[in-house]
Each structure stands twice: as C-alpha cells, then as structure tokens.
Amino acid sequence: NAGVTQTPKFQVLKTGQSMTLQCAQDMNHEYMSWYRQDPGMGLRLIHYSVGAGITDQGEVPNGYNVSRSTTEDFPLRLLSAAPSQTSVYFCASSYGGAQGGNTIYFGEGSWLTVV
Amino acid sequence: AQKITQTQPGMFVQEKEAVTLDCTYDTSDQSYGLFWYKQPSSGEMIFLIYQGSYDEQNATEGRYSLNFQKARKSANLVISASQLGDSAMYFCARGPNFGNEKLTFGTGTRLTIIP
Chain H
1 NAGVTQTPKF QVLKTGQSMT LQCAQDMNHE YMSWYRQDPG MGLRLIHYSV GAGITDQGEV
61 PNGYNVSRST TEDFPLRLLS AAPSQTSVYF CASSYGGAQG GNTIYFGEGS WLTVV
Chain W
1001 AQKITQTQPG MFVQEKEAVT LDCTYDTSDQ SYGLFWYKQP SSGEMIFLIY QGSYDEQNAT
1061 EGRYSLNFQK ARKSANLVIS ASQLGDSAMY FCARGPNFGN EKLTFGTGTR LTIIP
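Protein sequences, first through last, are from chains H and W.
Numbering-wise, the first sequence is residues 1 to 115 according to my numbering.
Numbering-wise, the second sequence is residues 1001 to 1115 according to my numbering.
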C-alpha cells in the first residue's frame, strides 16, 4: 500500500501506558481516518479528518485522541491503554469531495497488544 | 448506526467455481458508495470493486462483479472462476458517495477455495 505509512507495526503496552500510532501519507490527501479491527467485528471507525485542523469522532472514539496539524500526518494517541484496546489499527487516506471517487489507500496495519 | 450485514461467516468453494458473497446495507441516504475489500492472511486491505448508488450499470473489475440491487439494498460480490489465491476474508463497506473519510464495514466472510 504505497503512500500510507503506519508506525509501529507491532507494539506491546502495559495497562495504563500511553502511546501514539503514527500515520503519514505523501499523496496530499485531504481525508484521513483511523479504524480498528477486532476478531469477528470488521473494521470500525475511530476518528477521521477532512483536512488539516479538522477532526471528528467515528463509531468508537473513547480512549483515543487525534490531531491533524498537517495534511500529511494523522497520529492516533492512546491516552491510558486498556486491554480492550488490543486490536489491529488501520490508517486510511483519500482525496475529498467529488475527487475522492472510490480510491482509498490503507496502511499496512499496526498490531497493538495491551497486557 | 447504518449497518452493513454479511450473513455468511465462512464459505468453502471448489476451485474454478463461481462464488457469490452476500451484503445488505441500511441507509437513509440517496447518495452513497459501496465497496468490497479483500484481506488475505497477511492482513492488508486490498480494494476490489466500487459501486456508486447512482451508477446504473453493475460494476465489474476483471473476475469481480457487483450485483447491485438498490431497492433491496443489496450489493453482492460475485467472483467468477475462483482461484486458490482468492482464499481470504472479504469485507463489504459503505461510504458517502463523495468523500471516503468514514466507511462502515460488515463483519466479513471468510472464503476458502478448495483445490
């Protein structure tokens, strides 16, 4: 998935620790999103952004914080990790509006385990 | 929440046969887009096909076609001449017709192709 870079790919956290999942794209996309994937649940939207300085909550925002200070970067912060946040996290980006069409670029995923 | 329903948790299909993966969706919007993604065991999300709600023709992409029945709110994926490499999880998703910052995913269907 060229263009959307997620780091780290794997992380183990202790309960109560905080961390940031990084997401960067070099395609000048307006729209960026974070999803989590749990077994049997499909992907669920955590937070999204339609441009620098603009963020909004998705379906499962509790325990996460985001900011969008630049077009390129959309970090996801876990404020105080809990075992329920053990999941695979995907970042996605696309052009906005009518230009968006059907092209969404996904990162390769970040596997997070909270013990 | 506007829900995506995939009623087949798992399917086994003989190689070279055609397979239909079911997807139904809730929506009160007139304008929306429907997506299918493939997720192999390596975990990445691979875009397969897209259908806009105003598209009159069913979408096709190589061996993939989307059987779109708008009145029934149904968007089934048809894979013709299945191959061993088609074994994967398949997700149906719905998004706004313009802009893809927030997709709603189904729970997925695990497809296994039998030689």
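Wrong hints could be hidden among the right ones.
What the hints assert, rightly or not - EDC-like mimics (lysine to aspartate or glutamate), calculated; alpha carbons at most 20 Å apart, straight line: (1) K1016(W) to E72(H); (2) K9(H) to E59(H); (3) K14(H) to D38(H); (4) K1003(W) to E108(H); (5) K1070(W) to E1044(W); (6) K1003(W) to E1017(W); (7) K1016(W) to D1086(W); (8) K1003(W) to D38(H); (9) K1070(W) to D1055(W); (10) K1003(W) to D26(H); (11) K1102(W) to E108(H); (12) K1070(W) to D1086(W); (13) K1102(W) to E59(H); (14) K9(H) to E108(H); (15) K9(H) to E1044(W); (16) K9(H) to D56(H); (17) K1003(W) to E72(H); (18) K1102(W) to D73(H); (19) K9(H) to D26(H); (20) K1073(W) to D1026(W); (21) K1073(W) to E1017(W); (22) K1070(W) to D1026(W); (23) K1016(W) to E1061(W); (24) K1102(W) to E30(H); (25) K1102(W) to E1056(W); (26) K1003(W) to D1026(W); (27) K1102(W) to D1029(W); (28) K1003(W) to D1029(W); (29) K1102(W) to D1026(W).
Claimed, not checked - Just the calculated beta-carbon pair ranges, DEER-fashion: (30) E1015(W) to P39(H): 38 to 48 Å; (31) P1096(W) to D38(H): 16 to 26 Å; (32) T15(H) to Q1069(W): 39 to 49 Å.
Derived by calculation from the structure, the hints in this document are not laboratory data.
Keep in mind it's a predicted model, so treat the numbers as computed, not measured.
Idealized CB from N, CA, C, for every residue including glycine.
Hint by hint, here is what the structure shows:
Taken as a hint, the K1016(W) and E72(H) pair is broken in the structure, with Cα atoms around 43 Å apart against an allowance of 20 Å. For a cut-off of 20 Å, the pair hint linking K9(H) to E59(H) is broken: about 23 Å separates their Cα positions. Between K14(H) and D38(H) the CA atoms are separated by roughly 19 Å; this keeps the pair inside 20 Å, and the hint holds. A hinted pair counts as satisfied when its Cα atoms are at most 20 Å apart, and K1003(W) with E108(H) does not qualify at roughly 25 Å.
Simply put, K1070(W) and E1044(W) have alpha-carbon atoms about 29 Å apart, too far for the 20 Å limit, and the pair is violated. A hinted pair counts as satisfied when its Cα atoms are at most 20 Å apart, and K1003(W) with E1017(W) does not qualify at roughly 30 Å. Annotation: proposed proximity of K1016(W) to D1086(W) holds, straight-line Cα distance about 11 Å (limit 20 Å). A distance of roughly 17 Å separates the Cα atoms of K1003(W) and D38(H); the hinted pair therefore holds under the 20 Å criterion.
The suggested pairing of K1070(W) with D1055(W) holds, with an alpha-carbon distance near 10 Å, which does not exceed 20 Å. The straight-line distance between the Cα atoms of K1003(W) and D26(H) is roughly 32 Å, outside the 20 Å bound, and the hint therefore fails. For the given pair, K1102(W) sits about 18 Å from E108(H) by alpha-carbon distance, which is consistent with the 20 Å threshold. For the suggested pair K1070(W) and D1086(W), the alpha carbons sit about 27 Å apart, so the restraint of at most 20 Å is broken.
About 9 Å separates the Cα atoms of K1102(W) and E59(H), which keeps this hinted pair within 20 Å; it holds. As the CA atoms of K9(H) and E108(H) are separated by approximately 8 Å, the hinted pair is consistent with the 20 Å bound. Using a Cα cut-off of 20 Å, the hinted pair K9(H) and E1044(W) holds, with the two alpha carbons roughly 12 Å apart. This hinted pair does not check out: K9(H) and D56(H) have alpha carbons roughly 25 Å apart, beyond 20 Å.
Taken as a hint, the K1003(W) and E72(H) pair is broken in the structure, with Cα atoms around 31 Å apart against an allowance of 20 Å. In summary, the hint linking K1102(W) to D73(H) is supported, as the alpha carbons are separated by about 17 Å, within the 20 Å threshold. Distance check on the hinted pair: K9(H) and D26(H) sit about 19 Å apart at the alpha-carbon level, within 20 Å; holds. Restraint check for K1073(W) and D1026(W): satisfied, since their Cα atoms lie roughly 7 Å apart, inside the 20 Å limit.
Distance restraint check for K1073(W) and E1017(W): the Cα-Cα separation of roughly 26 Å exceeds the 20 Å cut-off, and the hinted pair is therefore not satisfied. With a C-alpha separation of about 11 Å, the suggested pair K1070(W) and D1026(W) falls inside the 20 Å cut-off, and the hint holds. Under the criterion of a C-alpha separation no larger than 20 Å, the hint pairing K1016(W) with E1061(W) is consistent with the structure, at around 17 Å. Simply put, K1102(W) and E30(H) have alpha-carbon atoms about 13 Å apart, close enough for the 20 Å limit, and the pair holds.
Straight-line distance between C-alpha atoms of K1102(W) and E1056(W) comes to about 24 Å, which puts the hinted pair past the 20 Å bound. Taking the CA atoms of K1003(W) and D1026(W), the gap is near 5 Å; set against the 20 Å cutoff, the hint holds. Distance check on the hinted pair: K1102(W) and D1029(W) sit about 14 Å apart at the alpha-carbon level, within 20 Å; holds. Restraint check for K1003(W) and D1029(W): the C-alpha separation of about 13 Å stays at or below 20 Å, so the hint holds.
Proximity of K1102(W) to D1026(W) is assessed by CA-CA distance (about 15 Å); at most 20 Å being required, the pair is judged to hold. Remark: the range hint 38 to 48 Å for E1015(W) to P39(H) is contradicted by a beta-carbon distance near 27 Å. Between P1096(W) and D38(H) the CB atoms are about 24 Å apart, so this pair conforms to the stated range of 16 to 26 Å. Checked against the hint of 39 to 49 Å, the C-beta distance between T15(H) and Q1069(W) comes to roughly 47 Å, which is consistent with it.
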